[in-house]
Amino acid sequence: MSFLQVKGINKTFEDKHVLKNVSFEVSKGELFAIAGPPTAGKTTLLKIIAGLLSADSGAIYLDGRDISQIPPSARDIGMLFEIPQVYPNLTGFENIAFPLRARKTPEGEIRKEVMEIAELLGIKHLLDRYPTTYSGGEYQRVALARVLVRRPKVLLLDEPFRNLDAKIQEFMRTWLKELQKKIGITVIHVTHDPIEAMAVGDKVGVMLKGELKQIGQPHEIYLRPTSIDVAEYVTIPAINSFEGIVRFREGFAEIEAGGAFNFRKRCERNTEFHEKEVIVCVRPHDILVDTQPRKDWTKAALVLSQPFGSEILLLLKLNEEYIRAIVDRTMNIKEGTPLYINIDPEKVLIFDRETKNIITI
Amino acid sequence: MTEIALRVENLRKTFGNTIAVDDISFEIKRGEFFSLLGPSGCGKTTTLRCIAGLEKPDKGRIIIGGEDVTELPPQKRNVGLVFQEYAVFPHMTVYENIAFGLMIKKLPKDEIRRKVIEIAELLELNPYLNIKGAKLSLALMQRVAIARSIVVEPEILLLDEPLTLVDAKMKESMRRELRRYQKELGVTILHVTHDQLEAMMVSDKVAVMCQGKILQIGTPFNVYDNPSNIFVAKFIGSPTMNFIEGRLECQDSELLMVSDDVRIRLSDFPLEKLRDYVSREIILGVRPEDIEISTQPAIGSITGKITLIETVGNKLEITVELNSLTLKILSPLRADLKIGQPIHLKMKPGKVHIFDKITEKNILSEEVW
Amino acid sequence: MGLMSKVLRVIALAIFLIWLIIPIAWTFSLSFKPYLEWRVAYFWPKNPTLLNYKILFFYEREIAGTTGGTALTKPMTTPLINTLIVVGISTIIAVLIGFFTAYGASRYRSPGPFGLYFTLLTRMVPPATFVTPVLVYYRMIGLLDSHIGLILLYAAATVTYSIWIIKGFIDHIPREWEEAALLEGLSPINVITKVTLPLVKSALVVSGLFVFLMNYSEFLFALVLTTKYDVRTLPVHLSTYVGGSGALYGAQAACGIIASLIPLVIGYVIQKHLITGLTFGMVRA
Chain A
727 MSFLQVKGIN
737 KTFEDKHVLK
747 NVSFEVSKGE
757 LFAIAGPPTA
767 GKTTLLKIIA
777 GLLSADSGAI
787 YLDGRDISQI
797 PPSARDIGML
807 FEIPQVYPNL
817 TGFENIAFPL
827 RARKTPEGEI
837 RKEVMEIAEL
847 LGIKHLLDRY
857 PTTYSGGEYQ
867 RVALARVLVR
877 RPKVLLLDEP
887 FRNLDAKIQE
897 FMRTWLKELQ
907 KKIGITVIHV
917 THDPIEAMAV
927 GDKVGVMLKG
937 ELKQIGQPHE
947 IYLRPTSIDV
957 AEYVTIPAIN
967 SFEGIVRFRE
977 GFAEIEAGGA
987 FNFRKRCERN
997 TEFHEKEVIV
1007 CVRPHDILVD
1017 TQPRKDWTKA
1027 ALVLSQPFGS
1037 EILLLLKLNE
1047 EYIRAIVDRT
1057 MNIKEGTPLY
1067 INIDPEKVLI
1077 FDRETKNIIT
1087 I
Chain B
948 MTEIALRVEN
958 LRKTFGNTIA
968 VDDISFEIKR
978 GEFFSLLGPS
988 GCGKTTTLRC
998 IAGLEKPDKG
1008 RIIIGGEDVT
1018 ELPPQKRNVG
1028 LVFQEYAVFP
1038 HMTVYENIAF
1048 GLMIKKLPKD
1058 EIRRKVIEIA
1068 ELLELNPYLN
1078 IKGAKLSLAL
1088 MQRVAIARSI
1098 VVEPEILLLD
1108 EPLTLVDAKM
1118 KESMRRELRR
1128 YQKELGVTIL
1138 HVTHDQLEAM
1148 MVSDKVAVMC
1158 QGKILQIGTP
1168 FNVYDNPSNI
1178 FVAKFIGSPT
1188 MNFIEGRLEC
1198 QDSELLMVSD
1208 DVRIRLSDFP
1218 LEKLRDYVSR
1228 EIILGVRPED
1238 IEISTQPAIG
1248 SITGKITLIE
1258 TVGNKLEITV
1268 ELNSLTLKIL
1278 SPLRADLKIG
1288 QPIHLKMKPG
1298 KVHIFDKITE
1308 KNILSEEVW
Chain C
2 MGLMSKVLRV
12 IALAIFLIWL
22 IIPIAWTFSL
32 SFKPYLEWRV
42 AYFWPKNPTL
52 LNYKILFFYE
62 REIAGTTGGT
72 ALTKPMTTPL
82 INTLIVVGIS
92 TIIAVLIGFF
102 TAYGASRYRS
112 PGPFGLYFTL
122 LTRMVPPATF
132 VTPVLVYYRM
142 IGLLDSHIGL
152 ILLYAAATVT
162 YSIWIIKGFI
172 DHIPREWEEA
182 ALLEGLSPIN
192 VITKVTLPLV
202 KSALVVSGLF
212 VFLMNYSEFL
222 FALVLTTKYD
232 VRTLPVHLST
242 YVGGSGALYG
252 AQAACGIIAS
262 LIPLVIGYVI
272 QKHLITGLTF
282 GMVRA
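Chains as they are written, first to last, in the working numbering: chain A, 727 to 1087; chain B, 948 to 1316; chain C, 2 to 286.
Certain hints may be false.
Stated by the list, open to error - Heads up, simulated DSS-like pairs for lysine-lysine below, C-alpha to C-alpha not over 30 Å straight-line:
(1) A:K929 / B:K1220
(2) A:K1025 / A:K1002
(3) B:K1116 / A:K1060
(4) A:K742 / B:K1275
(5) A:K929 / B:K1304
(6) A:K1025 / B:K1062
(7) A:K746 / B:K1252
(8) A:K1073 / B:K1181
(9) B:K1275 / A:K935
(10) B:K1275 / B:K1304
(11) B:K1262 / A:K1021
(12) A:K1073 / B:K1304
(13) C:K273 / A:K838
(14) B:K1181 / A:K850
(15) A:K754 / A:K1002
(16) A:K893 / B:K1220
(17) A:K907 / B:K1082
(18) A:K907 / B:K1130
(19) B:K1082 / A:K893
(20) A:K879 / C:K202
(21) A:K893 / B:K1252
(22) B:K1220 / A:K746
(23) B:K1293 / A:K1025
(24) B:K1181 / B:K1082
(25) A:K1021 / A:K939
By construction, these hints were calculated from the structure, which means they are not laboratory data.
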């Protein structure tokens, strides 16, 4: 049995079904990242696991025992809140010592534990100072020290990098991941940013509208999303999606994508999918672009080009559809000149328009 | 209307003992999207507030549309300002929100109607004109806030970290919209942000700030390809640039960078220009995507060991260790790499930057900052 | 802005300042004026005297002859102590009840159609409306001429202010900080007293000062609900400085000056608390 098991959690708030049958497992020492848009229910889920909220139904098992009814402070779970728990009226030391004082730990032991965790997190210099003097990253680290000083079995992180500068977020992601591996603690890391989740997670879960839609390895989620909701959520820049129809003709599957383009691939006839209404999705990275016309490539108009790190993000218009594409910096994109695009059928994702699930053709 | 929408001359602002803005100057052309980019506390917001008239600078001049506005209060400066929270009146409809500034100016009703409809059309807000502000999504609120500020035709629109409070998914599409509408309407924008990717995506020009000073101004590609100093090189680009410390040496008429860990040939650097630098301490910078990897050694390649492979979207982020050096490499997806495997690296020609260790300046940089 | 408007501004401010200070300054000089100068139009006393202050602390027998007529005065020491007791304790009660009520109102939904606005009822009607009912009621239950009677009344009348001031502050304390403490093992009541209370200390001080000042100068109810000297408060006592020929203006002025020293000292001592802790130090990275 896995270290942490969450089974069938349901929660309703005032007629809103906020969590729908959420289940997952986390192995010891694993970092499970849950990504989802705001209001997907992520914070509610964490609070239920921590014991601050009670679920309407479902159970939670930690290290073999059922903790569903145990009060929060007895669960051995630590949680770093979205607004980190660093009290401005206490010094760094007092903040980190707070949970130990709450348990009436003897003074000498408090000192030892706080110094140890401060050493581990590299924040010894912050112990005598007040939080008003901390930088963003330091603030987060002190809060983390406070959570870890009790050596919880599981660490819950609620959008830990939300308020930090973009560059500092980058640094903290690596720092946190290294720390986690070093101390071997089991972590559930919740974020609104799918890229962050896929970067830090050993395993990633996508949570949409209260449901855990897909769980898997980071590259699995990105390359093989099981439903269109997941595909649309985890793809940044936004995935291109078109309404289309699949037809089978003479050993080929012909997919007509919403007036934008058609393509075909060799495959056996599958009666179930013939004349099926689908949604065809292509990731911006998978759109092939050239400044010169090529055979069978479609002409598209350039609407906008934006520098995107070492690449360029293009917004193209084809008939009435907008298409986003990413190309390498080396391509010479000039405003006003037409571009030609093509798509590798192997890279296309096809979803059933009704069930929203992926279809393999 | 003049060509230069905003000129800032020798702006200086202190708060007690802290110098927030330290003698900066720059100008923005009409129709340009100009970003002040820098970490928290670098002075970018203070600069924006001085330009808006919300702070009084200690020294310097602010010239908007050819007029010196340094002594004028905010309402007389003809600037538009959009805050992080967008400040859309929740109890008014979208129409009333946009019309607000015009009503204060006491314009005739039909002219107000005309202007509001025109802007709403351009920003695709027509379907929402009768909806109350409180019911709008964040993306719509941003558009309404922008519409409201530009309908009064300001010389320049000031945006104070407009996308900081937005979640990752929305941010991406809002950056696109913002740039599109700005280009279509030809609005001059001064935009403040700490997010380098954002600044790159939306701007015509980027000014990188640190501790109250402007370190470099250039187009996004400029600043990315030719950082004038280490701070800019480090701040722009994600994953962060790799830095290797060492000494510049010359051997057989060829330049090399030498350190305890590695020797790197610098074959595409002009010897004549760098002759004075030989034997000096330097820091070599190269971006993760500019290091080519191969499972086979080649002339001039250096060898390290793969310690971590991460899949990021459609790329691989590979961490390589070389004695005491750790390098990060961005490579297209491939299936043949394993942790622990030896790997051979070569820097792409023309993509290596050399910085003076002491001054931290790019030794080949043309700009004087 | 032009020089002209700057000058006009300064003049306007100066006039306003003078208008504010004149009554206080006049009272101050009046407290040193002898009987014959109590009704004069000039500012400084021609023959300054400390007699008015003496009147405050001694019984009438000793100074009857010198005030131009008989005067029945009693020392202000007892009323002063009464005021400190009554106002001090009612302030503490108002602030404590205010804090806990504010906490409940901030963290939980308030019942009924009006919710917390219900507490504003007590302040919506002129206080004089309640004089007769309270008088009759206090007489029935024997709370006339008692400290407790006034304490309860003052606390009830001003608790509204402390609730609303403190609630505003509590609203800004992130709930996450309390939840973290719960998770760390603190009982709910300890969370309130050990986490929230220290964080809103300055709110308690501000509302305490506000309530204190309101009750300190309360006159109407103190007058009606007390008859004996032993329980009298300062404002009522001041009004008793009346002689055969009319009010003892000098003594009243002196009493007022001494009475105003108390809040002044309190305000000075706590001003540090008024300023510190008003920002929460949430670092915006």
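Structure-based check of all given hints:
This hinted pair does not check out: A:K929 and B:K1220 have alpha carbons roughly 51 Å apart, beyond 30 Å. For the hint linking A:K1025 to A:K1002, the alpha-carbon distance of about 27 Å falls within 30 Å, and the restraint holds. Proposed proximity of B:K1116 and A:K1060 is supported: the alpha carbons are some 28 Å apart, at most 30 Å. Of the supplied pair hints, the one linking A:K742 and B:K1275 is violated, its CA atoms being roughly 46 Å apart against a limit of 30 Å.
Taking the CA atoms of A:K929 and B:K1304, the gap is near 41 Å; set against the 30 Å cutoff, the hint is violated. With a C-alpha separation of about 37 Å, the suggested pairing of A:K1025 with B:K1062 is violated against the 30 Å cut-off. Taking the CA atoms of A:K746 and B:K1252, the gap is near 46 Å; set against the 30 Å cutoff, the hint is violated. For the hint linking A:K1073 to B:K1181, the alpha-carbon distance of about 34 Å lies beyond 30 Å, and the restraint is violated.
In summary, the hint linking B:K1275 to A:K935 is not supported, as the alpha carbons are separated by about 36 Å, beyond the 30 Å threshold. In summary, the hint linking B:K1275 to B:K1304 is supported, as the alpha carbons are separated by about 21 Å, within the 30 Å threshold. For the hint pairing B:K1262 with A:K1021, the CA-to-CA distance comes to about 28 Å; that is within 30 Å, so the pair holds. For the hint pairing A:K1073 with B:K1304, the CA-to-CA distance comes to about 46 Å; that exceeds 30 Å, so the pair is violated.
With a C-alpha separation of about 34 Å, the suggested pairing of C:K273 with A:K838 is violated against the 30 Å cut-off. Pair hint B:K1181 plus A:K850 holds up; C-alpha atoms about 26 Å apart against a cutoff of 30 Å. Straight-line distance between C-alpha atoms of A:K754 and A:K1002 comes to about 44 Å, which puts the hinted pair past the 30 Å bound. Between A:K893 and B:K1220, the direct Cα distance comes to roughly 34 Å. Violation of the 30 Å bound is thereby established for this hinted pair.
Proximity of A:K907 to B:K1082 is assessed by CA-CA distance (about 44 Å); at most 30 Å being required, the pair is judged violated. A hinted pair counts as satisfied when its Cα atoms are at most 30 Å apart, and A:K907 with B:K1130 does not qualify at roughly 47 Å. With a C-alpha separation of about 33 Å, the suggested pair B:K1082 and A:K893 falls outside the 30 Å cut-off, and the hint is violated. The straight-line distance between the Cα atoms of A:K879 and C:K202 is roughly 35 Å, outside the 30 Å bound, and the hint therefore fails.
The hinted pair formed by A:K893 and B:K1252 meets the criterion: a straight-line CA distance of about 27 Å does not exceed 30 Å. About 67 Å separates the Cα atoms of B:K1220 and A:K746, which puts this hinted pair outside 30 Å; it is violated. Only pairs whose Cα atoms come within 30 Å are accepted, and B:K1293 paired with A:K1025 is rejected, the gap being roughly 37 Å. A distance of roughly 41 Å separates the Cα atoms of B:K1181 and B:K1082; the hinted pair therefore is violated under the 30 Å criterion.
Taking the CA atoms of A:K1021 and A:K939, the gap is about 40 Å. The hint is violated against a cut of 30 Å.
When held up to the earlier numbered hints, the structure conflicts with 1, 4, 5, 6, 7, 8, 9, 12, 13, 15, 16, 17, 18, 19, 20, 22, 23, 24 and 25 and fits the remainder.
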